[in-house]
Amino acid sequence: MTLPIVHLHGTPYEQGVQHGRQLRDRIAHNLGVYFDRFEREAKVPRADVLVRARQYGEAIAAHNADYYAAMQGVADGSGFSLPELIALNVRYEILYYQFGVLALAAEVAAGHPERPEPDGCTAFAVLPEASANGHLLVGQNWDWIPQVQGAVLHTVEQDGLETLSFTEAGIVGGKIGLNSAGVALAINGMTTTDDDWSRLSKPFHVRCYEILRSRSFDAAVNVVTGLDRACSTNFLIAQTPDQVVDIEAAPDKVQLLQCENDCLVHTNHFVDPNGLGVVEPPSERRPYSRLRRERLTELLGLKRPIAVADLQHYLQDHQEHPFGICRHEDPEGLPEEQYITVTAVVMDVETRTLHLTDGPPCQSSYQQVSLG
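Residue numbers (our numbering): 1 to 372.
Hints in this document: simulated from the structure, not taken from any laboratory.
Positions of the beta carbon are idealized from the N, C-alpha and C atoms, including for glycine.
One thing to keep in mind: the hints can contain errors.
If you anchor each label on the Cβ, the simulated ranges turn out as follows [as the list claims (entries may be wrong)]:
id	residue 1	residue 2	range
1	PRO305	GLY79	48 to 56 Å
2	GLU260	GLU332	29 to 37 Å
3	GLN363	LEU82	31 to 39 Å
4	ASN274	GLU14	43 to 51 Å
5	THR11	ASN222	18 to 26 Å
6	PRO282	ASP36	34 to 42 Å
Kindly generate the complete structure, drawing on both the sequences and the hints.
Rendered as structure tokens:
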């Protein structure tokens, strides 16, 4: 299986219409998956989700009119309502806030001191000094709901900037990818007890959209640091030839991490929450996040230089299975709490090339997609 590649151009609204028309079936599927997860896992019924979506719609229109126009285009192109599409685009704020709330509630419930929460996604960067081809390499395993369907978006903006990114069908602009200016992005979900969707700050996916449309490293970083957030996230941002930073972003605080030994690895926990002054909700799976960070750091130190093929192989690692770098379903877990590696992505930022899979990399071949 390979991911569909969707080519978008024109105004943001026109891009949205093209997205909606070409991915209509996948969008319908994802809406079904998410509204089920909102109800069963996050305990937020459909009516409440749509109330939150309408509130966020007003906030998105104020923060980024282009993003709002693109969502309207996706709605019109796919035939679904705008509130449904907004809910899909702010699913991060809805779900991750609820994960924290439910984890804290479980902590005080008798016999349930901790609750599982999403613990996937292992991101990395390799500087040119450590890579076999002398190029900046960035990527990750994106671990999420098994049923979610993705796509590759190739977008040509009206000013000529091109982006190439992975997205979930129906979500505007991409979340893991690069652009023709040599800016690249990888991401990890995280939570703190300060997360609160009702802040209505610029949503996670809007920030991804803006980072992937930044022409400079500083502009991309400012997308994260320039305005407080509703929910915590980790952004790994890079630009050719050799600029890399990892930004652990809590609602009111950020921590910037740099490469060590010419590499950088991040997973789903704050490296030093006490030093940053944040509290993470209890999670029985957070130790696996630390183990994945340690494991990929170990693998990146095994040999130098590091080739793209090495990274593709490392993303198949099964140590601590099923909670390893290559994530698989937990045979003991509930159906609504299952996660797998939905896509593995290795980016050669210098050549503007994505190598990515449709499914766990141990079971899927990498397809190669490039700008130009």
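Okay, the hints, checked on the actual structure:
no., hint, in the structure
1, PRO305 - GLY79: 48 to 56 Å, "holds, 50 Å"
2, GLU260 - GLU332: 29 to 37 Å, "holds, 35 Å"
3, GLN363 - LEU82: 31 to 39 Å, "holds, 36 Å"
4, ASN274 - GLU14: 43 to 51 Å, "holds, 48 Å"
5, THR11 - ASN222: 18 to 26 Å, "holds, 25 Å"
6, PRO282 - ASP36: 34 to 42 Å, "violated, 25 Å"
Violated hint: 6 only; the structure is consistent with all others.
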